[in-house]
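Enquirer: Spelled out, the chains give:
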Amino acid sequence: MFWRYEVTGVDTITLHFGDAIDIALTERIQRAARALSHRLAPRLIDMVPSYTTLLLRYNVLEDDLASLVADITNALARLPEVETNAAKGDVVEIPVYYDPSTGPDLDAVAARAGLSREQVIQKHSAEEYYVFAIGFAPGFAYLGEVPAELATPRLTTPRARVPAGTLGIADTQTAIYPLQSPGGWNLIGRTPLTLFDPGRGQPSLLQAGQRVRFRPIGREEYLALGGQL
Amino acid sequence: MNTQPGLTFTKPGFLSLLQDGGRQGVMHLGLATGGAMDRNAWAWANRLLDNPFGTPALEITFGGVEFTSHLATQIAITGAEVQCRVNGESRPLWSVINIQAGDRVALSAPKVGIRSYLAVLGGFQVAPGLGNSCATFTREGLGGLNQDGRPLQEGDHLPCHAGSARVLNRKVSERWRPDYKEELALSVIPCAQIDRFPASVLDTFFNNPYTLTRQTDRMGARLKGPALEPLGERLISEGTSLGAIQVPADGQPIVLLNDRQTIGGYPKLGAVTPRSLDALAQRTPGTTLRFRPVTLHEAQVEERQFLSFFTATGNRR
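Protein chains in written order, with the UniProt record's numbering: chain A, 1 to 229; chain B, 1 to 317.
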């Protein structure tokens, strides 16, 4: 597996595995992260996998960069380019109430694409998405990619308040805001599920490397599942 | 009245947050590390009381705090230059202060510096949350007294243990106390995407003063000065490091701090060292800053000295 590293801080390095966004590359990074976490766990305080990179934070008091890099090299040397028995995880299904009341930009996305509201819902929910990275906020999963006609640039003026659970599109990416926050994505619906709960054994519903599918639900089911309007 | 031993706050101040050494092992969930912004003052407050490195203390931004103690204990206040009064009588900062049950303690607004640290003998007894930390994270509603990210409120009661063995009265020697009025040149490890910036941009960055703006918070220090020509394109988003110096489209650098976003796509000129960030945490908006390059080796030696000094008390947490 080819990689290079860059120093990025007093106790961090960033491993670079490639230059372009590609699911196969991101999956390779996931495998590298698992291998490093398995072989070097106590020495790596934090790991942040992203599209083409893996940031590692180490303990400067008890470790040194040269020996760490040597051990990373060893740990990754044996990692195959392609997983032999590609163990695709289960697809996480997320119910979404696609509606202007929960997704105020739904009609604008449709108008821009020259599609009906129903066609946007159909196309967005027909796709299987890949979790490229978790970041920006706790449990915020960058999912890709939306069908080309649904790709919509970010709002010029971000909203001051986007409710938790709201589903949005920015360019070819789609994501759910786990917590209420400001946001500039085009909002098309909302899920009643809790994306991030610090009290759960696994606080983040989604993990990098997982696959996701959205299931359109109606207003009644949305409310029955605890959804808020 | 709460009979559990502890301190009851009658004035919570502008922004008072329980903070410790920050979270570990949770950045992949999108959670920043958090923790004390000025680790030096925070670590001294704990060390004065023989509390292990990592013990939670109260980070008080802009002073204005009053509390009543329900037990006989000892406290230490370090950091910003506030006036500390116990039952109306002045007490020194950077020193162990003896407290009796019923004593009322008041901290004024700071004359110099921004953040004060209040540590108590044995530490505040708060349950750690995610990342084995109680670091308060207001934006995300995590950490703190009730693990909901709320800053300290009027009437809050911070529990602490009665009956801890008392420590000697001691103080931090003058020569170890930082001067927050001193001109600050932030040490920068030139790294990350620095090679992609033309030399003219680095010249501008390292040879000009930048002003700390009001849009500075626990997420990032926003600076204003000669614009740095940004790289043409955004990067593919990647994990962020403490102290990373982002150059956004307007060319005004942003230094990423404790509560930063965990991934970001702006090119970075390098990273400010943790010891420089400690000093930065005490500077008010309007302060003029400069940057100076240091090697990774120098930065790591300095960081190791800091960590070994404060963790080598034999009772590391």
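By construction, these hints were calculated from the structure, which means they are not laboratory data. One or more of the hints may lead you astray.
Ranges of calculated distance between the beta carbons of each label pair, as one might list FRET restraints [said to hold, decoys possible]:
hint, chain 1, residue 1, chain 2, residue 2, range
1, B, 206, A, 197, 29 to 39 Å
2, B, 234, A, 215, 45 to 55 Å
3, A, 79, B, 206, 51 to 61 Å
4, A, 38, B, 206, 36 to 46 Å
Some chain B residues well away from chain A (every beta-carbon gap over 12 Å; in silico) [stated by the list, open to error]:
hint, residue
5, 11
6, 15
7, 23
8, 162
9, 165
10, 187
11, 198
12, 203
13, 224
14, 238
15, 261
16, 286
17, 287
18, 304
All C-beta atoms, glycine included, are put in the ideal place defined by N, C-alpha and C.
Enquirer: Next, verify each hint and record whether it holds.
Expert: Going down the list of hints, with the structure as the test:
1. 206/B - 197/A: 29 to 39 Å: At 45 Å between Cβs, range violated.
2. 234/B - 215/A: 45 to 55 Å: This hint is violated: roughly 33 Å between Cβ atoms.
3. 79/A - 206/B: 51 to 61 Å: At 40 Å between Cβs, range violated.
4. 38/A - 206/B: 36 to 46 Å: The hinted range 36 to 46 Å holds for residue 38/A and residue 206/B, with Cβ atoms some 42 Å apart.
5. 11: About 29 Å separates residue 11/B from the closest Cβ of chain A, which puts it past 12 Å; holds.
6. 15: Holds: least Cβ distance 19 Å, greater than 12 Å.
7. 23: Residue 23/B is in fact no farther than 12 Å from some Cβ atom of chain A, at 9 Å.
8. 162: 30 Å, holds
9. 165: 28 Å, holds
10. 187: 10 Å, violated
11. 198: Given a closest Cβ separation of 19 Å, the condition holds.
12. 203: 22 Å, holds
13. 224: Non-interface label stands for residue 224/B: nearest chain A Cβ at 22 Å, farther than 12 Å.
14. 238: Violated, because the least Cβ-Cβ distance between residue 238/B and chain A comes to about 4 Å, which does not exceed 12 Å.
15. 261: Contrary to the label, residue 261/B does not stay out of reach of chain A, its closest Cβ about 5 Å off (not over 12 Å).
16. 286: 26 Å, holds
17. 287: 23 Å, holds
18. 304: Residue 304/B not clear of chain A: closest Cβ-Cβ about 6 Å, inside 12 Å.
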